[in-house]
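Start from chain L and add chain S according to the hints.
If you're matching them up, the sequences are chains L and S in order. The opening residue of the first sequence carries number 1 in my numbering; numbering runs sequentially from there. The opening residue of the second sequence carries number 256 in my numbering; numbering runs sequentially from there.
No lab work stands behind these hints: they were computed from the structure. Given the structure is predicted, the values throughout are model-derived calculations rather than measurements. Treat the hints loosely; a few may be bogus.
Said to hold, decoys possible - Under 7 Å between C-beta atoms, here's a sample of chain L residues computed to sit facing chain S: (1) S48; (2) I50; (3) P70; (4) T71; (5) A74; (6) V79; (7) P81; (8) A89; (9) F98; (10) P102; (11) L107; (12) G108; (13) P112.
Unchecked claim - Here are the simulated distance ranges between beta carbons: (14) I562/S to G37/L: 53 to 61 Å; (15) I489/S to S55/L: 30 to 38 Å; (16) T457/S to H181/L: 42 to 50 Å; (17) L449/S to S21/L: 52 to 60 Å.
As the list claims (entries may be wrong) - A few chain L residues that don't get close to chain S, going by computed Cβ distances all over 12 Å: (18) L30; (19) A54; (20) D126; (21) A131; (22) E186; (23) S213; (24) S228; (25) S249.
Even for Gly, the Cβ is constructed at its ideal location relative to N, Cα and C.
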Amino acid sequence: MVNVANLSVRYGPRLALQNISFMMEKGEILVLVGPNGSGKSTLIRALSGILPAASGAVRLSGRLMNSLSPTERARQLAVVPQSPQLPPAFTALETVLFGRTPYLNFLGQLSPRDEQIARDSLARVDALALAERRVGELSGGEQQRILLARALAQQTPLLLLDEPTSHLDIQHQMTLMELTHALARECNLTVLIALHDLNLAARYADRIALLESGKLKAIGKPAEILTSQIISQVYGWPVQVIQHPFHDSRLVLPR
Amino acid sequence: MRPYALILLALLVALLLSIAIGSVFIPPADLWAALTGQSASDTVHTILWSIRLPRTALIALVGAALAGSGAAYQGLFRNPLADPYLIGVASGAGLGAVLAMSIKWPYSLAGLMAVPLAAFFAGLLTVFIVYRLARVGGSLPTTNLILSGVAISSFATSLTSFLMLRSSGELRRALGWLLGGVSLGGWDSVLALLPFLAIGLTTLTLSGHALNLLQFGDDQAAQLGLDTRRAKFIIVIAASLVTAAAVAFAGIIGFIGLIVPHIVRIWWGADYRRVVPLSILGGASTLLLIDTLARVVIAPQELPLGIVTALAGAPFFLWVLRRAKLGGIW
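Chain L on its own, in the form it takes in the complex (with noise of 0.2 Å):
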């Protein structure tokens, strides 16, 4: 589904990231981890191809990313962006409908089917009920739903999430995460999310790729990544991983 190879990434002088290769199958949920600045975002921005790789090739179906026309781009992947700044103005279902410009001519003119599919989109992120609602008005748990009914209305096969659980508290994280969860698995959908927080991750991976400094550290399932001597080493602070009292997951707690 995804090929990356030998990607390489450029920011001003300096490599923003070191020859990253890891590939991932059709409905995995890979979880992307590591410190402050080591290349989480950066990342997301280079599979979303709007950053240009200094080297290496990344492969969407086979097909090579940067042979593909923006249009075609959005129709294979769709992104929840970081800490969104919406457009205040429109309402939810406008936001949403967004999500339909690769299926768009240049005017933009939408279908009943259009519309239709947006619907569709935020009933399943449980918003229905804000469609008229403008943006600005809503909370930023809120807003991140909106955003992953925008990047469901795009309908690709593969969704790239960039800390959509940063800015919120627990129960929207929670709910957040089972929603994408459950959605990966329903419509088969192949998606990576970068993550600070490793206790999500551990609950929700498939497998998870570790960075640091731009370079890929390890990957693998949860159980071989958190290690407390990995994790230690590469965030710089002595933890201890432990079991999960009600679930079975890890659980990184710093010394």
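Same frame as chain L, but now just chain S:
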């Protein structure tokens, strides 16, 4: 459809007032007679066809151009205070126009086209300079945009004044033009202006969806499938073309591009597929009304348009600035 009906009605009223009112008032009956080709007096006929109508047409086109490009710049820069005047495009275009006027052109048609073309390239250059100066990373803070706009604008205006003072005679007449005195070119000016506006305003009207997407920022717009570089390039070219053409034929008229789109957004929402065409129609109506006012306030003399729009526009600008600071708009 209601906003369009309302604004077309306003345009109709503004057109009629602009044609009827002036140093000589033409009563409705005579107006009707002269317009439909029935015999009104020769004087009325002459006033109407050689003076009033070309002027009315020119003012309507200029108003449409300034408000349409204002809406586009605001969408493009994601900034409610972007206006062809405030970001310096108008002054840059003015400098280009005066440079072109200072050269003696052999053919009259080439001469007529040289001024708007020079204004266009100078205006475009100004947008790029102001944009480059104001940009910080990926964002374009309001303060930076306005400050660099004002600085570049003063620079261009000083150069323009210098050019005009240096040359004797011919260019001094350009002073009145520069303050937004409409040129006396009659139908020739209207016809020369028309192709620029037809291309530019059509492009801007069709760019509504792209402008909407750009409101999400370049990254999201690209991720939603917009070719952002191409879209921004097309929009900035079209908006600058339209601004430059308006400046070349009517001088520097500020604030119309700020006020009209702003009111349109307050009344009818932020969807650029509507904001652009409604601003174009609203700009034509507004400038016609202001021009009519400018002709009667100190009749038989008339005020330069730029002075009247600045008089009304500057307080409005401060009000918008205050609202923007309070986070009320976007």
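To see whether the hints hold, each was checked on the structure:
1. S48: Hint on S48/L: holds, closest Cβ of chain S at ~5 Å, below 7 Å.
2. I50: This hint holds: I50/L lies near chain S, its Cβ roughly 5 Å from the closest one there, short of 7 Å.
3. P70: 5 Å, holds
4. T71: 5 Å, holds
5. A74: 3 Å, holds
6. V79: Constraint on V79/L satisfied, holds at 4 Å.
7. P81: The hint holds - P81/L has a Cβ within 7 Å of chain S, the shortest such distance being about 6 Å.
8. A89: 4 Å, holds
9. F98: 6 Å, holds
10. P102: 4 Å, holds
11. L107: 6 Å, holds
12. G108: 3 Å, holds
13. P112: 18 Å, violated
14. I562/S to G37/L: 53 to 61 Å: Taking Cβ atoms as reference, I562/S and G37/L lie about 54 Å apart, which means the hint holds.
15. I489/S to S55/L: 30 to 38 Å: 32 Å, holds
16. T457/S to H181/L: 42 to 50 Å: Since the Cβ atoms of T457/S and H181/L sit about 48 Å apart, the hinted range of 42 to 50 Å holds.
17. L449/S to S21/L: 52 to 60 Å: At roughly 58 Å between Cβ atoms, S21/L and L449/S fall inside 52 to 60 Å, so the hint holds.
18. L30: L30/L clear of chain S: closest Cβ-Cβ about 19 Å, beyond 12 Å.
19. A54: 19 Å, holds
20. D126: The assertion about D126/L holds, with a minimum of 23 Å to chain S.
21. A131: 16 Å, holds
22. E186: Non-interface label on E186/L holds, nearest chain S Cβ at 23 Å vs cutoff 12 Å.
23. S213: It holds; S213/L is separated from chain S by about 21 Å at its closest Cβ, greater than 12 Å.
24. S228: Consistent with the label, S228/L stays out of reach of chain S, its closest Cβ about 36 Å off (over 12 Å).
25. S249: 31 Å, holds
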